[in-house]
Amino acid sequence: MRTLVFIPAWNEEAALPGVIADVRKAIPEADLLVVDDGSADATAERAREAGALVASLPFNQGLGAALQTGYLYALRNGYDACAHLDADGQHPAEEVARLLAEVTADRADLVIGSRYHSGAVAVSGDYRPTFSRRIGTSVFRFFLTLATRQRFTDTTSGMRAANRRVMALFSRHYSPDFAEIESLQLAVRQGLRVEELPVRMLERAGGSSFLTPLRSAFFIFKGLVVLLVGQFRPRHMGTE
Amino acid sequence: MLPLAAETGQVHLTSQTRIVAAVLALFFMLMILELIRRDRLQERYSVIWFVAGLGMLAGAAFPGLIEVVANLMGVRNTNVALFSIVLLLLLGLALNFSVIMSRQAAQITRLAQERAIEKAQKEAAAAEKPLGKDAGSRNSSAISTTEDAA
Numbered sequence: 522m523r524t525l526v527f528i529p530a531w532n533e534e535a536a537l538p539g540v541i542a543d544v545r546k547a548i549p550e551a552d553l554l555v556v557d558d559g560s561a562d563a564t565a566e567r568a569r570e571a572g573a574l575v576a577s578l579p580f581n582q583g584l585g586a587a588l589q590t591g592y593l594y595a596l597r598n599g600y601d602a603c604a605h606l607d608a609d610g611q612h613p614a615e616e617v618a619r620l621l622a623e624v625t626a627d628r629a630d631l632v633i634g635s636r637y638h639s640g641a642v643a644v645s646g647d648y649r650p651t652f653s654r655r656i657g658t659s660v661f662r663f664f665l666t667l668a669t670r671q672r673f674t675d676t677t678s679g680m681r682a683a684n685r686r687v688m689a690l691f692s693r694h695y696s697p698d699f700a701e702i703e704s705l706q707l708a709v710r711q712g713l714r715v716e717e718l719p720v721r722m723l724e725r726a727g728g729s730s731f732l733t734p735l736r737s738a739f740f741i742f743k744g745l746v747v748l749l750v751g752q753f754r755p756r757h758m759g760t761e
Numbered sequence: 016m017l018p019l020a021a022e023t024g025q026v027h028l029t030s031q032t033r034i035v036a037a038v039l040a041l042f043f044m045l046m047i048l049e050l051i052r053r054d055r056l057q058e059r060y061s062v063i064w065f066v067a068g069l070g071m072l073a074g075a076a077f078p079g080l081i082e083v084v085a086n087l088m089g090v091r092n093t094n095v096a097l098f099s100i101v102l103l104l105l106l107g108l109a110l111n112f113s114v115i116m117s118r119q120a121a122q123i124t125r126l127a128q129e130r131a132i133e134k135a136q137k138e139a140a141a142a143e144k145p146l147g148k149d150a151g152s153r154n155s156s157a158i159s160t161t162e163d164a165a
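Protein chains in written order, with the numbering used here: chain A, 522 to 761; chain B, 16 to 165.
Derived by calculation from the structure, the hints in this document are not laboratory data.
It cannot be assumed that every hint is accurate.
Which residues of chain A face chain B? A partial, calculated answer using Cβ under 7 Å [to be verified]:
id, residue
1, Ser577
2, Leu578
3, Gln582
Computed Cβ-Cβ distance ranges for the label pairs, DEER-style [stated by the list, open to error]:
id, chain 1, residue 1, chain 2, residue 2, range
4, B, Leu102, A, Val747, 26 to 32 Å
5, A, Glu570, B, Glu133, 19 to 25 Å
6, A, Ala626, B, Leu108, 50 to 56 Å
7, A, Ile656, B, Leu87, 49 to 55 Å
8, B, Val84, A, Pro579, 45 to 51 Å
9, A, His757, B, Ala120, 57 to 63 Å
10, A, His757, B, Asn92, 17 to 23 Å
11, B, Ile51, A, Phe739, 24 to 30 Å
12, A, Arg693, B, Met88, 39 to 45 Å
13, B, Arg130, A, His757, 47 to 53 Å
14, A, Pro734, B, Asn94, 43 to 49 Å
15, B, Glu133, A, Ala626, 29 to 35 Å
16, A, Phe753, B, Met88, 30 to 36 Å
Cβ atoms here follow ideal geometry from the backbone N, Cα and C, with glycine treated the same way.
Just chain B, with the same shape it has in the complex (with noise of 0.2 Å):
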């Protein structure tokens, strides 16, 4: 059995993992980047997703990091810290794109009935035309030129 990390004062992250970590960490960025290049990413959206990159760097160069943060949090083994934080951050992600999504479904749903809207004006208003002149019954004429429309 291995000591625990708050027991022998030291983290265990062999220098093969810090380099697979930084490597896939640069990875992860690269693809962001070109994600953006390819205008399948806007950029505003793309913020969130480089501070994660650049967390998987640093943690990866200086695994003293990943120690502090656990004896803050007062985690005595640093893997269980870095999976809480990691969750946490992907709760707190997966929040933030429902919040984006439940505005752009108001955004649809607005455009969707101005649009609805506009074109039942428009028929209305090619409706009333012929009859134009007839301005005391406005409402039932324009009611019968739809029928004979139709």
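This is chain A alone, in the form it adopts within the complex (with noise of 0.2 Å):
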């Protein structure tokens, strides 16, 4: 069984190296990739000190094309399972360790990390949403939900596990505007067992989200575009 971990890394010079050391403490068998999505900062340096292996884009081209990136990379080299997530240090490798345990156990081709799930315990210091966060937190959720006819909690995770099924799907089909949800709906729709897993996560470890009410209103709006024009995308597209 082998295992890629990747992480999209966007200008993340300062919380990457802590990522990377945390994820080869709790997960040493996987082998890591850091997708630099075109920083201007010293992150793929950084990553290659912190011993990962750096795939770099030409250019910034988006959170979406950046997971792709890991993606195509784990279906080409040959991995079984793969798993990604956030380089600024707000998701715990010893969680999505447990979300790589239900893909290798073959219980699941997609498991998303819940910071919301009612199983999700809250320790001080832990993640605590911002208002707008919420707002768009449960529209998403609600109208994922009805579109998929599967209850989903956590949309915009980015902490997610997959097998190979998934790594066929997603390095070819990825939306670069809108990754974390249209990619939940059409996973469902393709018929992929997609799993939530109740997960701790911890505040950002540095900068700040790039959420203000009016950037969360025009991101809620084009969810919903999205969301509405996936329901009419063909149903079998082949994952293999």
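Need the complex rebuilt from these two chains, each delivered in its own frame; the hints are there to steer you.
Here you go:
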């Protein structure tokens, strides 16, 4: 069983070495790839110093394209399972290991780490969402659940584990603009087993969230359009 | 007040406006030819513009055409018909460009991804070589050698 853990990173030189060390400690058997999404800072150098393999996109392409690069790399290099987590230190690696265990035990094709799931335990210093973030979360939760007829609590989670079927699908179809939500809808519509696992998440180690109220509103509107269009996509696009 | 075209049964295009329109259409088509000649415009994207130029020319040469179209659309004023047709054509063109742009954006993304992956694979292979015989601990050795190299 070969496993790849990849981390999409855009200008995350400060937090990234800590995240890599965390992953190597918690999942020592996995290969580690940092997808550097056209960073202007020393993200790629820090990643190499920390012992990760680096795939550098020549210019910033957005989170969706960076994630797709990871899935494509995993598919091309014959990995049996892969997982990804955010580069800002919100995602503890031991939680990623739990997601991977679900995939390797073949209980699901795609596993999402959910910070809102009822089973998630809050500890002080843990993740606490802002107001606009909470509104967006509940709107997406409602509409994605409606669209997929499957209950989702954390639609924008960037902590996931997947098997080869998902790699094949996502390396071909992955929305560059609205990656997290559309990919869930797509996977469910293609008949893949998607599962949520309650996980702990931490407050961001550095930087601030990109969401302002106006941006949140636009983000939500865009997401709804994407979800609506996604409902009209063909059901069988072939996964392998 | 001038009577409407549909009421009088004729179009109010003076010969002067027709000449101006024809000259503009010809100039437009020459410009496209010149752009192709200088490799600033690809042939496959020029067809649609030639069709537009020919349409302008036809409108100038046979003003009756516009009236026929206006009647078909049920529009009394031929000018309104003309403007709506042009607007619709421009809308279609803009949409066409959005489609082309989306396709090219996807192609650029895939190109960037392929390049990033290829470079990463090369790096991985280079890092693995020195310890090549150590097959048992393949994964961990790849990681530790990249660290040594860095």
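Consistency of the hints with the structure:
no. : hint                            : result
1   : Ser577                          : holds (6 Å)
2   : Leu578                          : holds (5 Å)
3   : Gln582                          : holds (5 Å)
4   : B:Leu102 / A:Val747: 26 to 32 Å : holds (29 Å)
5   : A:Glu570 / B:Glu133: 19 to 25 Å : holds (22 Å)
6   : A:Ala626 / B:Leu108: 50 to 56 Å : holds (54 Å)
7   : A:Ile656 / B:Leu87: 49 to 55 Å  : holds (51 Å)
8   : B:Val84 / A:Pro579: 45 to 51 Å  : holds (49 Å)
9   : A:His757 / B:Ala120: 57 to 63 Å : violated (26 Å)
10  : A:His757 / B:Asn92: 17 to 23 Å  : violated (51 Å)
11  : B:Ile51 / A:Phe739: 24 to 30 Å  : violated (40 Å)
12  : A:Arg693 / B:Met88: 39 to 45 Å  : holds (44 Å)
13  : B:Arg130 / A:His757: 47 to 53 Å : violated (31 Å)
14  : A:Pro734 / B:Asn94: 43 to 49 Å  : holds (46 Å)
15  : B:Glu133 / A:Ala626: 29 to 35 Å : holds (33 Å)
16  : A:Phe753 / B:Met88: 30 to 36 Å  : holds (31 Å)
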